[in-house]
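*Asks:* Here are the chains, one letter per residue:
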Amino acid sequence: MKAEKPSPSDRVITFAQAINEALAEEMRRDPKVFILGEDVAEAGTPFKVLSGLVKEFGKERVIDSPISEAGIAGVCVGAAMTGMRPVVDIMFGDFATLVMDQMVNQAAKTHYMSGGKLKVPMVMRTTLGATRRSAAQHSQSLHALFSHIPGLKVVLPSTPYDAKGLLKTAIRDENPVVFFEDKMMYQQKGIVPAEDYTIPFGAADVKRVGKDITLVATSSMVEVSLKAADILQGSGISAEIVDVRTTVPLDKETLIASAKKTTRAIVVDEGYERYGVTAEIASVIADGAFYYLDAPVKRMGAMDVPVPFSPVLEDQTVPTPESVAEAAKKLCRKSF
Amino acid sequence: MAQAGKKNRSTPAPVGINVDREQLLRFYRQMLKIRLFEEQVNQLYLGAKMPGLAHLYIGQEAVAVGVCEALRPDDYITSTHRGHGHCLAKGASVDKMFAELLGKVDGYCRGKGGSMHIADQERGNLGANAIVGGSAGIATGAALSAKMRGTDQVAVCFFGEGALGQGLLYECMNMASLWKLPVIYLCENNLYNEYTHYSETTAGEIEARAKAFGIPTEAIEAQDVELVYRTMSKLVERARKGDGPSFLLCNTYRFHGHHVGDIDRAYYRPKKEEEEWKERRDPVKLLADKLVRSEIVDRKFLAQTENEIASEIKSGADFALNAPYPDPEEVNQHVYA
Numbered sequence: 001m002k003a004e005k006p007s008p009s010d011r012v013i014t015f016a017q018a019i020n021e022a023l024a025e026e027m028r029r030d031p032k033v034f035i036l037g038e039d040v041a042e043a044g045t046p047f048k049v050l051s052g053l054v055k056e057f058g059k060e061r062v063i064d065s066p067i068s069e070a071g072i073a074g075v076c077v078g079a080a081m082t083g084m085r086p087v088v089d090i091m092f093g094d095f096a097t098l099v100m101d102q103m104v105n106q107a108a109k110t111h112y113m114s115g116g117k118l119k120v121p122m123v124m125r126t127t128l129g130a131t132r133r134s135a136a137q138h139s140q141s142l143h144a145l146f147s148h149i150p151g152l153k154v155v156l157p158s159t160p161y162d163a164k165g166l167l168k169t170a171i172r173d174e175n176p177v178v179f180f181e182d183k184m185m186y187q188q189k190g191i192v193p194a195e196d197y198t199i200p201f202g203a204a205d206v207k208r209v210g211k212d213i214t215l216v217a218t219s220s221m222v223e224v225s226l227k228a229a230d231i232l233q234g235s236g237i238s239a240e241i242v243d244v245r246t247t248v249p250l251d252k253e254t255l256i257a258s259a260k261k262t263t264r265a266i267v268v269d270e271g272y273e274r275y276g277v278t279a280e281i282a283s284v285i286a287d288g289a290f291y292y293l294d295a296p297v298k299r300m301g302a303m304d305v306p307v308p309f310s311p312v313l314e315d316q317t318v319p320t321p322e323s324v325a326e327a328a329k330k331l332c333r334k335s336f
Numbered sequence: 001m002a003q004a005g006k007k008n009r010s011t012p013a014p015v016g017i018n019v020d021r022e023q024l025l026r027f028y029r030q031m032l033k034i035r036l037f038e039e040q041v042n043q044l045y046l047g048a049k050m051p052g053l054a055h056l057y058i059g060q061e062a063v064a065v066g067v068c069e070a071l072r073p074d075d076y077i078t079s080t081h082r083g084h085g086h087c088l089a090k091g092a093s094v095d096k097m098f099a100e101l102l103g104k105v106d107g108y109c110r111g112k113g114g115s116m117h118i119a120d121q122e123r124g125n126l127g128a129n130a131i132v133g134g135s136a137g138i139a140t141g142a143a144l145s146a147k148m149r150g151t152d153q154v155a156v157c158f159f160g161e162g163a164l165g166q167g168l169l170y171e172c173m174n175m176a177s178l179w180k181l182p183v184i185y186l187c188e189n190n191l192y193n194e195y196t197h198y199s200e201t202t203a204g205e206i207e208a209r210a211k212a213f214g215i216p217t218e219a220i221e222a223q224d225v226e227l228v229y230r231t232m233s234k235l236v237e238r239a240r241k242g243d244g245p246s247f248l249l250c251n252t253y254r255f256h257g258h259h260v261g262d263i264d265r266a267y268y269r270p271k272k273e274e275e276e277w278k279e280r281r282d283p284v285k286l287l288a289d290k291l292v293r294s295e296i297v298d299r300k301f302l303a304q305t306e307n308e309i310a311s312e313i314k315s316g317a318d319f320a321l322n323a324p325y326p327d328p329e330e331v332n333q334h335v336y337a
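Quick note, the sequences are listed as chains A and B, same order.
Residue numbering for the first sequence follows the working numbering, starting at 1 and increasing by one per position.
Residue numbering for the second sequence follows the working numbering, starting at 1 and increasing by one per position.
Bear in mind the hints are in silico, worked out from the structure with no lab data behind them.
Mixed in with the good hints there might be a few duds.
To be verified - Here are some, though not all, of the chain B residues that point toward chain A, as calculated from beta-carbon distances under 7 Å: (1) L126; (2) A142; (3) E171; (4) C172; (5) L286.
We treat Cβ as the ideally placed atom computed from N, Cα and C, and that holds for glycine.
Same shape as in the complex, but just chain A:
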């Protein structure tokens, strides 16, 4: 969320409505755009993100599919190669494992393998995020898997405003784009212009300006980091929050510039910490800002355990405002 308070003239809608609006606008603009997924039509998905779209665009463009994640992803690859712009809905990010061959070996490689002749302009929308009490197979944040693959772009919006602008960019992109929505964020509200706008990929956004430490965050962890910044302010530490928005392409310049300025950085992400997105981003910062840093770059991801069901266990597995603030204080302690 932006730090500024919405003025009365600004329109406030939810994250889910922002996604819905981006899809509706793009489907009105381009008849080639269509949606394929499980329970996307009348049901509007279990999260109700797509509610109402079938009414406007019909069952020919908002297509309910069998429960066949690999199949629907593959069908979208073929449709994209032949002139359509599909948006495939993969309900839970955990089901991404089922679409891996289609996204990794087909979608991601087609343009390259064909020497630039074929293109796959498709979007795979899916979810991430734990603490919904959904246990190990409905709670993972697997964006690192896709960020690892050349040929894919990976988008992680953290606000309703970013969600709309980034999804519209994703649909207009000529490449396969994997778009992760934090399912815990769907009801979160924010200012979203009713008009058409896009947000470029590879442009990190400074969500809060600070001077003592940089908290680089993705998706769900942006809000966590903003709350951590509030806590830190009470201790006299000024935290800068940088939202990467897209892990591929990654806006290295903005991350490095922020770390150079504050001299300290923590990377916070809800994916598993081991070999995760935090490792890549921390290494980018360490390489680019080494001579400016007053502390090693710290990483905070999800615990390296399957996400447990019991709330008392689950809540320990993801970074919280308190744990991020605690880590930031430790990094800053020597000089404060």
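Let chain A serve as the given structure and place chain B on it in line with the hints.
*Replies:* Same frame as chain A, but now just chain B:
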């Protein structure tokens, strides 16, 4: 086990589809082109001129040619790791094919795809695929796209009987049947999943798998190109009219090994079986005999045709051998469009 010794149990040819003299000659030329192309590929491999490996299509020529001759240039195909025959039958030129196989910049994919990834979108070839069964989604999606765009294009999904073990195929057949998509699932049963006879990997009846989805199914002895063409024409017409998908099982045989380096094959299939197929069920020979028997052409004409094609193959291979490699800078190009 092998069907080599069995009597030909071919399906009666569908009526109403005429195959004239010119078409038969064209079938012959196309099949022979594939045969000689693949023999040249083998030579390039043996001469250490080709990087990597290649999976030869020799023995199965009647399938690719019979199928692709029933298609329009704007119809789609997806192909397999054993895909040279499909590419050529869909209209690819031998020089750019050879160039791709040698990793040269003049190849169909600028040398980035190689033998297992040739794509030629101008002729509707959406690419060979090195994941067994991996293109089932692409072909089905191309059919959905054709339907949504309101064209009457059809898509053909080529796969070997080995792909019958992949779940993706069944997910896609289910959707194609539900949505009446213009796609034809074309199963080439060459008897071997790599080094294993299909009977060891495939339970039940192959055709029953498609029938379970309500997809009309045919099975043919596919060394007879005319029969493949006639059967395929009927299925293509059906798809084009909007009557939905079909499944065609083409019984055939891979004359060579799984790939060019698979020389010692006795441990998985008897030499006698190979000899029987080559002697009695070679699709190129069968058509040549038919052309002569029906007095359409004589042996001299066939020899002359073979010379013409051999010289096309030779000049294609020479073109590729002399073509430049890609600029090293190209390694980073085409990752993103």
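*Asks:* Hints first: check each against the structure and report whether it holds.
*Replies:* Hints, one by one, checked against the model:
1. Taking 7 Å as the C-beta contact cut-off toward chain A, the hint placing B/L126 at the interface holds, the least distance being around 6 Å.
2. For B/A142, the interface hint holds, since its Cβ comes within 7 Å of a Cβ in chain A; the closest pair sits about 4 Å apart.
3. A hinted interface residue such as B/E171 counts as satisfied when its beta carbon comes closer than 7 Å to some beta carbon of chain A; here the least separation is about 3 Å, so the hint holds.
4. At its closest, the beta carbon of B/C172 sits 5 Å from a beta carbon of chain A; the interface hint therefore holds under the 7 Å criterion.
5. The interface hint given for B/L286 is broken, as the beta carbon of that residue sits about 34 Å from the closest beta carbon of chain A, more than 7 Å.
This entry does not satisfy hint 5, going by the numbered hints stated previously; all others are met.
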